[in-house]
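A.B. asks: Given two chains presented individually in distinct reference frames, assemble the corresponding complex, making use of the accompanying hints.
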Amino acid sequence: MHMADALLSPAVGGTMWGVAAGTIAYSSMKVKKELDERKIPLMGVLGAFIFAAQMINFTIPATGSSGHLGGGLLLAILLGPHAAFLTIASVLVVQSLFFADGGILALGCNIFNLGFFPAFIAYPFIYRGIAGGEPGKARLTAAALIAAVAGLQLGAFSVVLETVASGISSLPFSAFVMLMQPIHLAIGIVEGLVTASVVSFVAAARPEIISAAAPGSLAGVPLRNTILAFLVAALLTGGVFSWFASEKPDGLEWAIAGVTGSEEVTGTEDALHTMLASLQEKIALLPGYAFRETGGADDKWAELGHPAMAPEDSGRIGTSMAGAIGAAISLMLAFGIGFALKRQLVGEK
Amino acid sequence: MRSIDGAILDLKRLDLLATGDSLIHRLDARAKVLTTLVFIISVVSFDRYEFTALFPFFLYPVVTASLANLPGGYIVRKIGLVIPFALVVGVLNPLFDREVLVRLGPLAVTGGWISCASIIIRSVLTVGAAVILVGVTGFLAVCQALEKLGTPRTFTVQLLFLYRYIFVLTEEGARASRARELRSCGRKGLGLASFGSLIGHLLIRTWLRAERIHMAMLARGFTGEFHSRQVSAFGWRELGYVAGWSILFVALRLENGAQWLGRLVTGLLS
Chain A
1 MHMADALLSP
11 AVGGTMWGVA
21 AGTIAYSSMK
31 VKKELDERKI
41 PLMGVLGAFI
51 FAAQMINFTI
61 PATGSSGHLG
71 GGLLLAILLG
81 PHAAFLTIAS
91 VLVVQSLFFA
101 DGGILALGCN
111 IFNLGFFPAF
121 IAYPFIYRGI
131 AGGEPGKARL
141 TAAALIAAVA
151 GLQLGAFSVV
161 LETVASGISS
171 LPFSAFVMLM
181 QPIHLAIGIV
191 EGLVTASVVS
201 FVAAARPEII
211 SAAAPGSLAG
221 VPLRNTILAF
231 LVAALLTGGV
241 FSWFASEKPD
251 GLEWAIAGVT
261 GSEEVTGTED
271 ALHTMLASLQ
281 EKIALLPGYA
291 FRETGGADDK
301 WAELGHPAMA
311 PEDSGRIGTS
321 MAGAIGAAIS
331 LMLAFGIGFA
341 LKRQLVGEK
Chain B
1 MRSIDGAILD
11 LKRLDLLATG
21 DSLIHRLDAR
31 AKVLTTLVFI
41 ISVVSFDRYE
51 FTALFPFFLY
61 PVVTASLANL
71 PGGYIVRKIG
81 LVIPFALVVG
91 VLNPLFDREV
101 LVRLGPLAVT
111 GGWISCASII
121 IRSVLTVGAA
131 VILVGVTGFL
141 AVCQALEKLG
151 TPRTFTVQLL
161 FLYRYIFVLT
171 EEGARASRAR
181 ELRSCGRKGL
191 GLASFGSLIG
201 HLLIRTWLRA
211 ERIHMAMLAR
221 GFTGEFHSRQ
231 VSAFGWRELG
241 YVAGWSILFV
251 ALRLENGAQW
261 LGRLVTGLLS
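Which chain is which? The protein sequence lines are A and B, in order. So the first sequence is numbered by the working numbering: it starts at 1 and just counts up by one. So the second sequence is numbered by the working numbering: it starts at 1 and just counts up by one.
In short, the hints are calculated from the structure, not lab data. There could be a bad hint or two in this list.
[Stated by the list, open to error] With a Cα cut of at most 30 Å, we get these calculated DSS-like pairs of lysine-lysine:
no. : chain 1 : residue 1 : chain 2 : residue 2
1   : A       : K30       : B       : K148
2   : B       : K148      : B       : K12
3   : B       : K188      : A       : K342
4   : B       : K188      : A       : K137
5   : B       : K148      : A       : K32
6   : A       : K33       : B       : K12
Isolated chain B (complex conformation) (with noise of 0.2 Å):
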């Protein structure tokens, strides 16, 4: 039961982070959600045995979150959630691919451990730059990008309807699932059939609701958009954002980064 309250108090922490600001949540959120498909794309397009040239581009991340002022335990906290699942994907390299690629001294590491490796890190960079991207940006704002960007008004609408419901409703269900669990002695009661009454009730509400703030909705002039006061446009800061990022993945994408910074200072110390 504490879990469902627990999602939800963290989605309204996760959103209620994009009023904050900063000099990155004033950028366009067209600025951010370009820079951050540039960054994933570059980060997954490396070879699955690439393992030290992704440490870089933990630079973007970090850097990100601090402009923003992101509290950084909540963040790492976050991404550390989803590890698990790239990890039950990532063990079975090497249980499959045992041919060793590297050995240092009697170590011998295979191509299965790496690409495990390489996997964790992958997650860590894909899902850390979602969570900062909805941490400096809100999701209305996410949504109103993604419209100018080419979306169609009917998808947006409806993702915006969606996300207005999403706190309405699963309270509504954390309450209908206490009380059933209130009442059922140990296991018993918790099946299918009470599943099955409790969701339909559920969802017959739900559905009234939503005729009836349609109708609330015509009633004051509702025409199929949605308005905003923040006024924002895509000027020179928001281009130089992107192409500074942009240049930066690409080269560090094409070089390897932590190859050149390591030879650079192993070689002026030996």
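Just chain A, same shape as in the assembly (with noise of 0.2 Å):
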């Protein structure tokens, strides 16, 4: 369920960098207000044991599978909701720095997806909600499996429209619903098994860790705030969004036609203008890929295609052509300069 880097276009990638990076700050510094120091070693052990769970795996019953832990529900009900999202958050930061699972870009998405929902919607609202106080294992069962279920769905329908709006697979909106969701299901309640097991577990032999340990830190604030946020939160990004997603030419045309008094420039003006035009097609972050018509695959090719890729109407394999030259060329290269500066090294020792 990690989202890659590949996949993703920079706008979407960076609101959901800024959304994360403001999760993480508000969480720290709540921690850091309301928890005594003796939590941040307590979490960073507690991270490492998610790694160390994660590679242990187990017979999933009546399919033959194996899986293991994810452990975002199991450290919020360890952890509390903020202590409990930081350390996802730094597991993600290690799987994407060492095991390239997501990515640098992505690591935004992924923590949001995979941390916001079981530790500030999952946890608070639906486990806390169903477990209570001291839960029977029955009661504990329930409660842990709806929670993973839900925060699974949720972070799996976030992947899904962090993939759509970033554009880059061609993957329609419907059919990445329709198999994410039940793949997600089937995970969710495997998860939420786990995470019954284990925590009853450690209640019947320690039930010290599970009294002390699950504050529900949240329990203060209203449901109502915790949407309230959320809406907040969805309207920002869609706002963001569709400024990055609007059509480009609008603000430079905008600008011109004040300059001028009229959207018409001519003479040396137009020259600026194509140039203008041109530079900020290219700079554009996110060209409109889905909101154009298109005519036919030509228009396709020049519109969607990179402008320097957008052939003359004659010559088109001549100019693809050059590009795969290119593009063999390039590579050579690099992989040349790299094999010479390497060369040199071993001379030099």
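C.D. replies: Structural data, given as structure tokens:
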């Protein structure tokens, strides 16, 4: 369920980085203010525990395949929402750097999808709501099951939204949703059962860990406030997205109209206009991918392809051949330079 | 079982690479983090049908890895592990996007295949950049750079704790898991019931260990801050490194370098 850099546009990735960074700053402040310092080493060590736990497999009954723990909900139950969010985020940082799970730009998306939903939605509102203070085994299992499923469904849906908004994958929204949600339903059920079995084991062996660890520090915050915050975040995100995705030349044309008094500009200004327009087209972070009407394949190639790739009517094969040859040469050059540098370094030693 | 030990060894190897001493290793970590970010943003900001313009970007990972003397085969294997995941999503593109964009003689190439190829090249570049960043910087230095760039200290301190204890706890987990496997006949005993108590035990041991660690650290004067012996500053050299690469990335983003090179060569030949 990790998002990958390769499927992400900078606008979506950057926005989600902002959202994740804001939530990390908020959670850090909360942890610092509310909890004693003892929690910080505990968070780090539990993060490392999640790594270890993820490497141990178990067989899933009746299917013969094996699964492992995700750990988001478990951390929330043990640490409370804010500390759990920070711990999940740091696990994801290590995964993105060492295991290339996801990627650096996708980190914001992954922290949000895998951290925010279990820590700030599934745990405080679903798990705590159902499990209450001292749940029996059946109640605890039900609470963990429903919370895990809900957290993963929200996370998976968020992956779909981010991928579709990025416009790199051609998967249509409906097909992607139909693919992701059922898979994550199954994963969520397994995750819920595993979480319940670990929590009930620890509750039986060392009840003080569970009771001391779950302050439920969102308890004082009414549901209404959280929903409000969520709405504001959604509006903000939508606003940033649509700002990036809005048709590009508007701003420029408006500016030119303001300067010259008309949208038609002539002579040297026209050259300037084309130059600026082409420059703006080149630096647009999110080319208007899905909102533009496309004509035939020719138009599409010219519009969606990079301007430098847009062929004159004749000689399209010529230009794409030049591109292919150039790509091969640049690859050879890159590796040639690398090889030469390395030879030189070895020679020096 | 071998896979857990293998994964730990792999992790250690990548971190050990960062102890090397080269022009790149000696740069301040912030310079390398920022350059990697500019690189990744430049690569992913291309439109989905862009393919050839991505190739000149290979210059950065290859030159950095060579200057830092990283083992090429290891880096390539590390990147190769991730490609299947990119393929899973990328390979669906040809199914949904069947519009023919390019004809090479009798061969009609649809938009889906072009964007699928583009996704794979993007993965190689972005994953390569991340692996190389850790290989030339090391996790501790990346954390310190993040803190200097404004990440809250609470977050970076527990990130460092996490990193330190990954090695300890994965080894412990691997031992427990091996023991369980040896005691279970075939598939029997590998189910959820034994997993729950196994992980539960590991969790309790971890918890008590964290408390002991914290006591020991307090006794030695820990005030919530890690100190590093390495002093590095963001000087002219770092500024030049970030600016030089960034200008190149932006230039390659604006002009299709491969196209330009190809025109130059085909123009010379004809």
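A.B. asks: Against the structure shown, which of the earlier numbered hints fail to hold, in ascending order?
C.D. replies: 3, 6
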